[in-house]
Amino acid sequence: MSAAAEAAVKKNYLTGLKEAMYEEMERNPDLICLGEDIGLLGGAFGVTDGLMDKYGKERVIDMPIAEAAIIGAGVGMALNGKTVMCEMQFIDFISCGFDQIVNMAATFHYRSAGEVSIPMVIRGPAGGYGGGALYHSQMNEAWFCNSPGLKVVCPSNPIDAKGLLTAALRDPNPVVFYEIKELYRNRKMEQELETGDDCIIPLGVARIAEVGSDITIVTYGNPVHFSLKAAEKLKAQGYSAEVIDLRSLVPLDEDTILESLSKTNRLLVVNEAPMTCGFAGEVMARMGRKGFELLDAPPARVTRTDTPVPWAKPLESTVLPSVDDIVNSALELIRY
Amino acid sequence: MAKTADPDKAAQKTAPSQTSTGLPREALSPEDYHELLMQLYLARYFDVRLIKEKKRGRLRGTLYSSHNQEAILVGALYALKSTDWISPIHRDMPAFFLKDIKAGWDNPDRLGMSIEEVCSQVWGRVDSPGRARDNWSHIGSRANKIIHSTSMLAGTIPVAAGVVYADRLDGGDAVVVTFNGEGSTSQGVFHEAVNFAAVHKLPVITIVENNHWAFGTPVELECPTPDVADRAKGYGIPGFIADGQDVLDVYDKVSMAIDHARSGKGPSIVECKTFRAYGHGDHDDDRAAKYRPDDEVAKGRSRDPIGVMKNQMIESGMLAKKDAMAHPAEGKGAGEVTDHDFPEKVVKYLSAGVDFALKSPVPDAEEALKWVFAEDED
Chain A
168 MSAAAEAAVK KNYLTGLKEA MYEEMERNPD LICLGEDIGL LGGAFGVTDG
218 LMDKYGKERV IDMPIAEAAI IGAGVGMALN GKTVMCEMQF IDFISCGFDQ
268 IVNMAATFHY RSAGEVSIPM VIRGPAGGYG GGALYHSQMN EAWFCNSPGL
318 KVVCPSNPID AKGLLTAALR DPNPVVFYEI KELYRNRKME QELETGDDCI
368 IPLGVARIAE VGSDITIVTY GNPVHFSLKA AEKLKAQGYS AEVIDLRSLV
418 PLDEDTILES LSKTNRLLVV NEAPMTCGFA GEVMARMGRK GFELLDAPPA
468 RVTRTDTPVP WAKPLESTVL PSVDDIVNSA LELIRY
Chain B
208 MAKTADPDKA AQKTAPSQTS TGLPREALSP EDYHELLMQL YLARYFDVRL
258 IKEKKRGRLR GTLYSSHNQE AILVGALYAL KSTDWISPIH RDMPAFFLKD
308 IKAGWDNPDR LGMSIEEVCS QVWGRVDSPG RARDNWSHIG SRANKIIHST
358 SMLAGTIPVA AGVVYADRLD GGDAVVVTFN GEGSTSQGVF HEAVNFAAVH
408 KLPVITIVEN NHWAFGTPVE LECPTPDVAD RAKGYGIPGF IADGQDVLDV
458 YDKVSMAIDH ARSGKGPSIV ECKTFRAYGH GDHDDDRAAK YRPDDEVAKG
508 RSRDPIGVMK NQMIESGMLA KKDAMAHPAE GKGAGEVTDH DFPEKVVKYL
558 SAGVDFALKS PVPDAEEALK WVFAEDED
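Chains as they are written, first to last, in the numbering used here: chain A, 168 to 503; chain B, 208 to 585.
One chain only, chain A, in its complex shape:
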């Protein structure tokens, strides 16, 4: 199939990730992939499906169940000239490799006074709403936003999944990459995808997912779609919500948020992670300072409750943010 004909086909989120992996493996012969079950099996979710057959088991390494070794060995390869992709089978398991990320990878450039950079992407399926319970539902991005030296990225759609992963794989820094597994095979949001340089979405540039004038909803990941649904409901009540998809948390595109606030004067931040020290709080703090003069109401946030994510449906629904939660908070702010 020609590139043009291929581009005309609409593809899902997972395909976006997969294409980014294949294209970068082809473009960059120094790219090495490490992870559990990523070779023979092709990954638990299939992001690396067929990659080992094409590029060999030396570049696509089926690792033992050992996240610290996966990330640590990846750091060593990067130290010796390679670009590295480490797959976490679920992003929840990243905690098993925590020290290697925050103390080894994140600080390498700093403590070597710039001699060494670690081009490395640590990516994995994240997020709740699928009955994954405590250890297959997490959004733990705040841990890494609080660790200087890491970039943190979270795409919400196929174009961004491909474009941000391509950018991350070309970035000279370690990037923690949150994939929304509930969106992997979502057919309703399939999109046409560009190839190579044309697909790149630079890190640190937010996207206005919906233009509006009464309130700014800042979010990322799966809640982007809940916020868009909330915006529809608000429209039915005569209110216009602007939805900003951050796409990357570190670096953070403050300008796009400030510009939006200069128009709407109201800020609601939505994240799927727990409230305390979550990223929504960071956005509120920065805007509370830099955008203070722009605000007509105290900023608000919708987050998971400060609990683990439980399994049974009514329990899970209680703790995770919903469309109605967003609508209710938005109305409160608009009517403030």
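Accuracy of the hints is not assured; some may be wrong.
As the list claims (entries may be wrong) - Here are a few chain B residues that face chain A, going by a calculated C-beta distance under 10 angstroms:
id	residue
1	335
2	349
3	357
4	365
5	369
6	371
7	375
8	398
9	400
10	402
11	578
12	580
The hints are simulated quantities; they were obtained by calculation from the structure and are not laboratory data.
A virtual CB, placed ideally from N, CA and C, is assigned to each residue, including glycine.
Model the placement of chain B on the given structure of chain A, informed by the hints.
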């Protein structure tokens, strides 16, 4: 792979024999023996000089003394090629300048750090390879093939494995020697990394400096087997045991481990039996005198690596007794020893490093905010 069951027995047969033993040391010349002795002096002098400088108030931070453990660094590093990698930790400070020093103490092209760079690091000056951003042994150099460590013990072993994985992929034949204490072998990441290296037959030599004390905890509470080298059995790799007081035995065992690794047979563990002379760090000296029994300390310090090497050289006719007595540093504590106990070459070499460091400026305050992220290369 055979291991030496009894390190004391190994100590008895270290003199170069007239009949071939097949040991790697047979390839060493008398000049090599003299060089090894000189390097033992240099490592020891570095240690005692820093302790003195700290007492004079010219040094900040904590000193982690390598006193009594120098034979491990000197013997292991002497077995390496220039292009091999190393990964030292806190008690291995001399390793940074001892790496590849056999290529010439003043050879600017050798793949190791200069004494000036290492002293600048000790004094927190801008000429440190890390520009004094992290302290003590937390320096490294990709150019010199020295891995930058953190405070998380055993944390550099997976990194070392990754380094040689990449090297092998590029067609290289480098090995990596990681230095670790026996305490760090209890870390989960130790298992993860050695296991990964064994699965892929990576040329990773994991040296365990068993000095019997992990800070304030004795080895019996860290490891359930009599020898830490027994951990190797679980990975199906060789577990060598060396007499850590004997630079030649360390050289032999590490050379065997390197041969094994470079021939594609994979990783190994080399346990070097030794004893920590002082506290964990200098902050711990007073308490260490209480938590460790006096007789254990006396026994552990009874075989000074400088003296052990001298005796072997005297026995084999490489060193006259009179010359051996000219610089009697062995068996003396940092408080007892003077510059006269060391060869002039060693004193001059280190003094030049210290003088350089004291003249090197401290970093500008603004540097604290630099190098958090690498800039895009595009």
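Now the hints, each set against the structure:
Interface restraint check: residue 335 of chain B against chain A, minimum CB-CB distance 8 angstroms, threshold 10 angstroms, status holds. Given hint, residue 349 of chain B at the interface with chain A, holds; its Cβ is 5 angstroms from that chain's nearest Cβ, closer than 10 angstroms. Hint status for residue 357 of chain B relative to chain A: holds, with the closest Cβ pair at about 5 angstroms, below 10 angstroms. Given the 10 angstroms rule on beta carbons, the hint for residue 365 of chain B holds: about 3 angstroms separates it from the nearest Cβ of chain A.
About 2 angstroms separates the beta-carbon of residue 369 of chain B from the nearest beta-carbon of chain A, less than 10 angstroms, and the hint is met. Interface hint at residue 371 of chain B: satisfied, since its Cβ lies 8 angstroms from the closest Cβ of chain A, which is below the 10 angstroms cut-off. The beta carbon of residue 375 of chain B comes within 9 angstroms of a beta carbon in chain A, closer than 10 angstroms, and the hint placing it at the interface holds. The criterion of a C-beta within 10 angstroms of any C-beta in chain A is met by residue 398 of chain B, whose closest approach is roughly 8 angstroms, and the hint holds.
This hint holds: residue 400 of chain B has a C-beta 5 angstroms from the nearest C-beta of chain A, less than the 10 angstroms allowed. Satisfaction of the interface hint for residue 402 of chain B is found here, the shortest Cβ-Cβ separation to chain A being roughly 6 angstroms, below the 10 angstroms cut-off. A distance limit of 10 angstroms between C-beta atoms decides the matter here; for residue 578 of chain B the minimum to chain A is near 4 angstroms, and the interface restraint holds. With its C-beta approaching chain A no nearer than about 5 angstroms, residue 580 of chain B sits inside the 10 angstroms limit, and its interface hint holds.
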